[in-house]
Each structure stands twice: as C-alpha cells, then as structure tokens.
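> Protein chains in written order, with our numbering: chain A, 240 to 597; chain B, 2 to 335; chain C, 6 to 548; chain D, 118 to 428.
Don't take each hint at face value.
The calculated DMTMM-like cross-link candidates involving lysine to aspartate or glutamate, where the alpha carbons are at most 25 Å apart (straight line), are [to be verified]:
| no. | chain 1 | residue 1 | chain 2 | residue 2 |
| --- | --- | --- | --- | --- |
| 1 | D | Lys168 | C | Glu196 |
| 2 | D | Lys156 | C | Asp491 |
| 3 | C | Lys84 | C | Glu532 |
Read the hints as simulated data drawn from the structure, not as lab findings.
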Amino acid sequence: MEQKPILEVKNLQISFQLNFGTNHVIRDISFHLNKGETLAIVGESGSGKSVTTKAILGLIDDNGCVEVGSCLFRYQKDNKDVEIDLLKCGKDYLQKNIRGNKIAIIFQDPMTSLDPTMKVGRQIMEGMLDHKKVSNRKAAVKRTLELLELVGIDLPEKRINQYPHQLSGGMRQRVVIAIALACEPDVLIADEPTTALDVTIQSQILELIKDIQKKTGVAIIFITHDLGVVANVADRVAVMYAGKIVETGLANEIYYSPKHPYTWGLLSSIPSMSGQNEEILSIPGTPPNLINPPKGDAFAYRSEYAMDIDFEEHPPMFQVSDTHFVASWLLHPDAPKVSMPTVLQARIESYKKRGDQQ
Amino acid sequence: MEKINKEMFTRISTQDHQVQEMVFDTGATFFKDAWKRFRKNKGGVIGLFAIIFILTMAIIGPWLGTHVYNELIAEHIDLPARVPFLEYFGIFDGSVNGFNPYIKKGLTDVYYWFGTDNLGRDLWSRVWMGTRISFFVAFVAVTIDVVFGITYGLISGYFGGKVDLVMQRIVEVISGIPNLVVVILLVLVLKPGLTSIILALMITGWISMSRVVRSQTLKIKEMEFVLAAKSLGASSFVIIAKEVLPNIIGQIIVMTMFSIPSAIFYESFLAFIGLGLQPPVASLGVLISRGYLAMLTYPHMVTFPVVVLSTLMLSFNLVADGLRDAFDPKMKGF
Amino acid sequence: MKYLTKFVSLLLVSFLIVGCTGGKDEGSDLVLKVAKSSDVISLDTHVATDGVSFEVIKAFTEGLVEYDADGKIIAGVAKTWDISEDGKTYTFTLREDAFWSNGTKVTAGDFVYGFQRLADPDNAHQYSYLVESLKITNGADVIAGTKPVTELGVKAEGDYKFVVTLDAAVPYFMQLMTFPSFHPVNKAFVEAAGDKYATTVEFLISNGPFVLTEWISGSLIKFSKNEKYWDKAVVKLDGLEFQIFKDYQSAALEFEAGTIDVTAITSNIVDRYKDNAGYTEVKLGYVWFLSPNQLDVTMQNKNLRLALAHAFDRAQIANNLLGDGSIVATGIVSSGLVTGPNGKDFRDDSGAFQTMDVAKAKTFWEAAKTELGVTALTIELLVGSPETDTGLAVGTAEFLKSEFEKNLPGLTVEIKTTIKKDRLDLMNTGGYQLGLTRWGPDFADPLTYLKDLFETGSPYNYPRFSNAEYDGIIASVSPGGDLAADLNVRWDTLKQAEALLLGEAGVIPAWQTGTAMLISSKVTGIEYHVVGMPGYKRATKVE
Amino acid sequence: MLKYISKRIFWSIITLLIIVFILFLLLQFMPGTPFDDEKLTEAQRIIMYAKYGLDSPFWQRFGIYLKNILLEGDFGISLALQKNQLVQDIVLPRLGISIRIGLQALLLGTTMGVIYGVISGANKNKWIDTITTFVAVLGVSVPSYVFALLLSYFFGYKWRIFSITYRHGAPFWSSILPTISLSMFVMAQTTRFLRTELIEVLSSEYIKLVEAKGVKRIKVIFRHGIRNALISVVTILGPLTVTLMTGSLVVERVYGVPGIGDLLVEGILTNDFNVIVMIAFIYSSLYITMNLAVDILYGIIDPRIRVAKGG
C-alpha cells in the first residue's frame, strides 16, 4: 500500500462571504483518499462536509472562497501519471478533465438533482458525449442502456425515454448514479446519497454502491450525517465537526473504539438496528455559528466532558494508532480519564457480536 | 501551547459557557436584517434617496422658486427654462428653437427655472405641486387598496373552502375587465376629480395585493406554528393578526411599493386622455398632457414633468426591487 | 438616458434586420391631401352634424346652389331660380346634365325626398329645425308630427322644376340652400340600401365634384374625381384625401415633410409656424361664449352677470392664449357673417359690447354682492375637458378663473371639467351655473345667433335667457314679422336686439375662433367661408 | 385534461357574461348621452332614445343585448362615433391593426426580453447584469406614453427616421415606433422575470449536477438553464397581454393608430355604449382566452404537468 493516495486534501480552509460577515465553514482540514477505497466523511449538517467535496470539484457558490489549502489529485492522462492541485487548476481545466470525467458526484436529493425537463437518457448521455467517451450517439445509447442495467433499473429501453418525474425516488437516485458512472470516473463522491430515500430503498442503494465499487474499483468519498449508514460500506471514516475533522480512522476503529465525545454522540444517536428498545441519545445543543467560530474546541460547548482548556485552545490531532487520529484534549495525558457512555458501550458490544456472527 | 497546564483539564459544566453561543433571534431583527441587506442594494438606495429628494421638493419646492404658484402672467407665457448662472454655460438660458423669448420680450432679469406654460404660469412651482398631488393620489389610493386587499386576501386565504372559492370567482371576474377601462368608466361615472380618481384606483388596485396576500396566507396557515396556535384554541382573528400577518408583512411592503408607481401611472394616463383633476389643480400627468400639446414648439413644458414622473416611478421600482431582494429569503447568501 | 438612446437604437437595428421594407406612399398625380383631426361621424347628409362629416359630404354631393370663393351664391344643381314677389315661393330650375354617380339623373324628386327626409320627425334629425327656421310651409307641423311629411311645402314639377313654398319671406333662404342638409337624396338608392345607407362607400352615391372611394375608419377618407359630374371641367384635382391625425403636431410634421398639403394647427404650435410660407389664418364663424344659466338663482342676478362680462381681458385670450387667428368677440354675432343693407358687417356696425373695464366690473360686483346678500361667492364654471377641436377650452377656463378672481375680489370660480357629451347634457337640462360653450352659424343672418340661441323657449337657449321685449323684437324681425320686410329697419332692429341681450349680459361672448392653417404653396383655390364648409371643387395643386 | 379545459371554458363564459353585465351597469350611470350635440333638441333626444331602444328598462335592454350577442353575434350599432354603423364593422378592422401591433410588440418584447434576461441572469451581479437590470427597471417604470413621446420626439421629429403617426399606406413602417413603445414593458418584464428564474434555475441542484458532469458553462446555460427558465416565462404571457392592452390604449392615442384602444377611448368620451361594450368584451375575452391558453400551453411544454394530467 505504498501507492500514493489518489486524492489528498491538505490544510483546506474555506469561507463564505455573507452579508453579516465571513462564515468560516472549513477550518483547516486534511484527509486523503486511496485508490479503490471508500472514505466516509461523517458529521452533522453544517459541519462542512458537503462544502469540502463541492470545493474539490470547484462547485462552491460564487460567494465561497478557498483561502488556504490544496487538493492533490493523481490520475492518468494519455497514459501518463498526472498530479494536479484541483484548487488551483482553474474551472475550465476542471470542467474539461476532471468533472464527470475523473471525479463524479451524486447529490443528496434525487428529486432535485435531475433536470425535470430532460429525458433521463439524454441526461446520462450528456456527460459521455461532451467528454467524447463514446464516438457517436448510437454508442452513447448503448452505453446508457448498459449503465441503466448496471444500476439496476428494469426496462431500460423504456426508462431512457422517460422524464425524471415519472420515476420513483429510488430509481432517480439510480439514474443519478448512472450519470456519475457514465464516464468511468476514478473517484465517486456520494453526498448523502441515501438521506432522502426510504429506509428500504436506502439499503438497496447502499448495496448498489458497494456492488459498483466491487465491479469498477472506483474510489468513493461517502458523505453522511448518519454513521449507521456507512457502517457496512466505509473502509475509513472521518468525523467532522464545525469545519474540522475531529476523528479519523479505519471503520473498525471508529465503530468499535471511538475516542472523541462527538463520535460517541454520533454513534449513540444511530437508531437501533436490532429493533429493541435501546436508549437513543441525541447530542444536546446545535452546532456553533461559524461566522465567529468559538475559541478552542468547538464541540466543548455541547460536550459534557468539556474542560477549561477546551475553551482556550483547539486540540491537536492525537494519534491513537497508525490510522486512528483524534482531536480532543481528552486524549492529552493530563486529561482525566473518561470513557464512553455505558449505553454506547453496550451497543458497540452488540455490534461486535453481530459483526462476528456475520 | 505553553500555557497549557494541568488545571485546565478539569471538567466543567457546559452551562457556564452557554452565553458564548451566538444567539440569532428572529422577529425584531427581521427588519434590521432586511434593512442591512437593502442598504447593500445600490439601486434601492439611490431610489430611496431620489424619492426622499422628490418628496422633499414636493413639500418645499413650490416655495423655493421666485414665482407665485398658479399665477397667470399673460406677458410671461411660453417662456423656456432659464436659470441664473447656468445660463452662462449655454444651458437653461431661456432660448428655444434658436431664439430667446426673454430677450425678445425684454424680460432681461426674469428667471423661470423650469419656464412657464401657455398661460404664463411658473412651471417650477406647478411641477412640484403636481408631484405633491400625484404623490397624494397614489398614497391615498394605495393605502386604501392595500388595507382592502390585505383584508380580502387574508379572509380568502385563511378561511379557504367555499369562502375562498366565491371570493376568488369575484376576483377573477373583476380582473377580467381591463383595469384601465374600469378606471376610465368609474372616473366618468363619479365625475372627474380627485376623489373619483382615488376611488377608481382603489376599486381596481386591490386585486393584485389580495392575490399575493392570499397565496402567502395559504402557505403560512399550514405551517406548524400556526397549527400549534390553532390547537391551543386561539381565535381566527388572533391567529391572523399575530401569526399570519407578521409573516407576510415583507411581501406586503414590497407589493405596496410596486402599487404606488402603478397608481401614479394610472392617474397620469387619465390626465393624458383629458379625464383628470379639475383645473387649475394639476398633477404631473396633467402637466405632461398639456405640455405634450406643445412638444414641438416648447419642449420644456413636457420635459420637466416627464423627467420628474419617470424618476419617481423608476425610484419606486428600484426601492421595491431592493426591498423584495431584502425580504426574500431565497436571495439570502447561503 | 444616454444608454437608453443607445439601447433603443440597438432595438431598432435588430428590428430592421428582422426585415422591413419601408413602404412609402404611392405618388398619385394631383391628389390634394388634407389633414383632419377627427374622423367622419356620418356620411348621411341628414345624420351628419359635425364639421368633418359636412366637409366630406360637401365634397361628394352638391346642392341647389353653392358659394363661390367670395361667398356669393352661384348655380349648383339648379341652373336658375325664381323668387316670387312676396318672397314666399322659390322655383328652382334644375340642370338636365346633373347625374348621380350610379348614372341616374338628379331630379327635383331627389330634393323633395331630401327635404322630407330631413323634416321627418321619426328620424329626429338634428338639423330638422332648419326646416322650421326657413318657414317652409307646414314645416313646424311636420316636425311636430301633426302633419305627414307629404304636406311639407316642397314639390317637384316634373323632373327639373323644384318648388319650395314658405309661410313668410326668409332673407337667408338662399344661403341655407348651400347647407348639406338640403342636398338632394336619391330615394330609390336610400330605400334599396336600407339600414346600410351611407354606412360604407358601397352604400353611397354622389352627385358632387368627387366620389368617395375609400373610408378607412380612423385613418383615411379617399375621393377621386367624379367623372359623371356636370361641371367636371372645373375640377382640376384627380383626387382628394383626408388623412386623420389625432394630433395636430404630427400633422404639422407631415406637412413639413411634404406628405400633407393642408392642415390646421393649434395655438400651442402656432409660434413654430408663424413664419412658414404656408401659414394662413382662416376666420371661422364659431363664437365661444360664457353661458350664465338663468335657472340658477345666483346667475339670475344681472349685476353679477355684468360684473363677469366686464371683468376679463378677451384680447389676452384671442391673441396670447390662442393666437391662431382667433379674434375678440365684441358681440355674439360673429364677424364676417353678414353684411347689411348699408354695406357694413354686422359686427362692426353693431359695435363693441362688454369691453373689459375692471372698475365697472367692480361696481357691478359690489351691487351684485349687496343684492345677493353675500360677501363672497363661489360659482362653478362648466367646461368640456377633451373638446377635440379646441384643446384649449380648459386653458381658457383657467385664464377666466384667474381673471375673475383677480378682478372681482371675493369671487371664487371652481372649474368643472367633464366630457363634451356630459357638458352638453348638463347645459341642455340646466344643471350648471356658468358654462363655456360655442355656437356655429348655420346661415348668414344674425338670427342664427339671436333667435336660435336666446329666444324664449328655443331648445338651444342654454342660458334660459327670457326677456319679453327681446322676444318681441326677435319676432318682429323673424320671417313673417312686422319689420322683416324692410331690410334697413330690420338691420337696425337686429342691432337693437343684440344690444339688449348683451346689455343684460344674457350671454357673455368671449372670442370668435380662427384657425391657423398650413397650406402648401403648391395648392390654390380652396375656399373657406365663415358659414359653411370649405370647398375643394376649384382647388388645384401644382406638382 | 379535456374535462379541465371544458370546465375552464364554461367558467370563462360565465365570467364574460358577468363582465358584460357590470359594464352595462356602469354605462347606465355614465353622465351625458350619446346624443348630446350642440344642436339636438331635448324632444329629438327622446325620439333618439326610443329609436335606439335606450328608453326601455335596464333589464329588458340587457336581455335584448345579451340575446343579440349570443344568438346573432350582433353588438348593435354605433350611436355617436360613426352613427348607425354596425359596431362590429367599425371594431373588427381596427382590431386587426391592434392585434398586429400587439403581436409585433409581444414578439419583439419577448425576444429582446429573453436575450436580455439570459445575458443578465447568466452573468448575475456582473456589470452587464447591472446594466440590463437597470434598463429593465426603466422599462417597467417609465410609462409607455412617455416612451411614445420620447420615441416620437427623437425618431419622428428630431431625426425624422420613422413616421410620427400611423399611416394606413405604410402599415409596417409606421407601426415601428408604436411597436417599440409597446414592447418596452414586455421586454422589461420578460427580462426581469427570466433573470430571476434563470438565477434560481442555475442555482438549483440539477444544474450543479450537470456542472459536475463537466458540461461547459455555456452549454449548461443553454441546454438546461434557459430551457427550464423559459417554461415559467410562459406564465407571464397572460399578464403581459393585459399590459399590452392597457399600453395600446395609450400608445395608439399618441401615435394616432386607428386601433381599438384608441376607439375605446373615443367611445368612452362620446358615450358610444355599444362600442365600449364590444371593445371591453373583446379585451376581456382576449385576456381570458390568453390565460386559458397559457395554462394549456404550460401543460404542454412542461413535461411534469403534461404527464401528470395526461396520465
């Protein structure tokens, strides 16, 4: 695994210019994505996870601005290895070479992410034709039918000529996935692809994504607010809070030995899968306003484990293992020893058991 | 980092720090926010200033000039604009079509800033008085039709069902007749004059307001806070007054700002076809329609009222646009 | 603004590219093009009442007699005419070469039918009252409906002899025979056309110098020379065109561009054209006057009326406000209307009344206030707002208000504007105080004003002026009256009547209209008259 | 769909009848009569009233009128403007002129409006947007007759490029200025509307997704943005027609266009009842038909509605 990561985000800072001031949405984050793996970025809404991925594709709104940071992307162009900084290469370059072509994205709400006035077939073909992935229209149609089949849509010949509103939510999301796969990208960003769907459809889509990864080997960044969703999908997980990554590690590390109180909170708030009457804990309070980011650890304001230092200084990344990093003063040697809530502990135990059974 | 010491790692209660949370209050700050956004809109601000300027001139303008309002001086008829000082630059020097009637008539030290009309009346004071009247007509008409439109829209939208159906049929019928036709006929039936014009404008003006209010009400009445109030047993009146109305006030203000220029336009059009106010009372529309008849010969008679009228309407629209953007949450930055 | 101009140009350019071919008027030879400010209301000689309609009718029909350029009566369809000794019987001998445009002959029967149709009460023709003023035998009874139209004192003796019998000698009879209402009407054609008669060009025949070929409502009235007209040798024009321009300024610009040969212009733009070679002022017979309604208690006060009569400067109105050739009305009978046995114009001979005299006005005003028992008074001045042919009625009213209020302290004048129809309605029914209105003479005799407007009981007596002495005088000089026969005595008595009327301030004349015209120097021979319509028959144009 | 349309048509007819009734009622109270003329006597006026059936009671008159309109398409005769002529004979030829100029203005206005709207919306908050927005505000706020005055002053009088008034002999050439004057508002309104719509569309998720596909900005705007924004522009065609009608009243008067707007004003000023009712009737039916047409059209061009109703 000495291969360089396909995508490497370093010290990214993004802010949005609002009428009232500057909203510091992303405050110095770094992460990487290896070839063929699935990285889940998890956090509450407003934590900055969507903005990060949009920034990678240069899709942030006009009032947004990348202040510092780089995003190295390595890909093959004309059989040569290319390494570029996506944040500096300009929109034209992104449009021509990257978007859709190398990095594709799936949005959260399939209801709004398809052009309502265009037949789905055309929407799928659009990218291939524009990027000259297929030689002609006929080939495009053929490929589209294949894609539709790949994403599990029945009667592709019929669907290709239908409008989005004629399809169900799940089908639409499958179409969106088909669009994303149209140009055989290296990286697929799935921005909460299942949030807007029914629970049953959710798992189908998750299965589909997993399946596709198996078939195509595409690297996936999976963004979600729900740790439960990615449990079976993610190789690695990064937990974001208030524009920062607070904990990152392999999926097992995050699920079975989380270290950050926020991760605890997130794990506790996963609705029970066993259907038993387990206690579901929610995290009190709301994420902070980032126009005037709080001093120190932003989560401290909501944490029952807060310490004085949390309000003074932002914690550095403490390394737990080779792959597991946590930004919390609780891991400081001087900090009092606290452990995760017992409810969560019980839960994790049950997960482990189930995991073993599987 | 050097400041870190052990004591800092004591656990504390979160309550102590709650105060540091940014508190965003809605309600009172809604208008403040809107105002802040509005201030960023250059067009709106310019428009607002223009309105304030014209309004001020409408109030004090007639007395700023050197001539008496509405005084007919037969020797001074058809004089073009002449302003001291500016005349040395070749503008506003009182000449028209290549000759200077001031000199021709021996009126060497007479100055009419906007010139005079064909009865020898000072146009400066008439234009500003006319502006005042146009303003007055528009404000009164709009105020009344806004009140009526809001009431109608609220009732129709809030109560819905059969009430709404009947009320909307009525609106449909009324809006099926071109406004201008109704206004002209009403003014005639009621005999031309200030009151009739206001009344006619009122009768036709409320429709669009009622529509906007209705659709907003329909939206808002399904919202949770209204449903909550309902389940708590609040009376319809209280709900409308306390819950619905405050939430559509932005839209109402915007609509009002759009209604004013249209009222001014209708009034001026009536004047243009000769069905205006009773002379010698003159609105901008009256001045334009009279000046138009001499446009070829003495363009100044039509120019000044047209410029004021157009500026006024433009400004109201700019302000209305600005307000709409300021109130419209869709346009909010993020 | 600068951007706007640019933007508009841009629009234009794009529009031009879209494809347009500028259509220009096809140049037909010797067509006189006249601008008119309003459209024809009716082509039916009897239904028509307005100037433009009459002007058009006059161009395509011809009566028994016509005016020449100097206003002398000359032969029309009638070759010759005889007046009986007592002046009560007129016998017209018609020419045999007069034809309708459909080829039928113009006969005495057409005149009989025309007269009868005019008088028929069922039609309620506005000008039927002329039959009465002409004293045509049984005229009054026919109009009142008590006798059938066949009893009217007109008859045809054969095809070419038309006889009119009157109850009394009428000095202005021949003049009225030029009036379009007395033009012949072809019975067979009218009856065949039914309701459609004279509504479109197809349902119309002519016997005048021109034939109407096209009438496009609101824009154009086209004539061509009538090849069947008996006097076609005199007609030099190949055609005539009335183009309708609602706005005088546009018409004037078209004149400047040379696409229009004749147009009237309003006082607003007279200044611009005063030095134009084509500028002419034409005196018209219309007299504008203030009508004090004597049904109104306040206006019954003679001193008040006199105060008003003397309190305003008529010269300012005529010369400064209007400046289009209008003149001060020194009396109610218009200037240039009629010349008396002494060779003098009635206006000049009768003298000037109600001249402006502020001191006198103030005296009357004081007296009026005392009599009315008031110190201040508000009167309402009724004026038609968009009076199409006189855009300045409102301006004049404003001037009057200012003059009255300035010269008669304590008097407030409230101007009430309304549409013309409503103004006339109010004046007809007496629902007004002081009204600004006008009267155009129908025939060249002072009676057209003095009798029709101010005799007790006259339907046109808007002021409700009623004075037994005045009525006596008018009766005596009217056709059939004691003094009607002796022209000199009649003349003096008419002057006396006017003096009485104006001395009472039964009416307050203001000005007599003139029209400023722009007539191309290429055009000659259009005949304008104080009474009656312009004649285009002898007009010509050089290319 | 068919049921919906027939229901709409039914209501439209009812609405029209009510409108005719309201107009009739209003005219009842008009001051003066069509027959007031300087030289018409009171007695003659009464005869005229009887002759034209104006002396009968209101309901009877209204009944007869309605019957004539509905059964015979007869709108009566003109009482004052062009005496004794069938009103439809006067109105219909003029209607042609009005409709032609109206359509020209609609075409020019919407075309220019779409162009400006796209330029403006696609370049949100750039200088070109500021300029087009300003022009659009100017267009909606400056009264059409002021435009008419300006255009006729500069193009007709100062520079003598176009005919200052409508001329029968050159119907297109002389209708350019009226068309432009009328189209200003349409242009401005379309620009404003399209701009807002386009901005909204361009900031929508699906446009983001199209961009994420790596489609060129210009293609994004044309292939997806305009397409979606234009659909809703159809909805303002109804209100725009009304504006055109109102505008035609004004503009026809300034340019002396012998259209129905001008005729209506003349009719009102001369109490020509039948002319007024017929023109108002035409206006109302045009408006109602236009609204209906827009609704149907909207259903046709927007696949969301099309299928929803069809299936």
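> The structure should be examined with respect to each hint, and the outcome stated for every one.
Outcome of the hint check:
1. D/Lys168 with C/Glu196: holds, 18 Å
2. D/Lys156 with C/Asp491: violated, 30 Å
3. C/Lys84 with C/Glu532: holds, 21 Å
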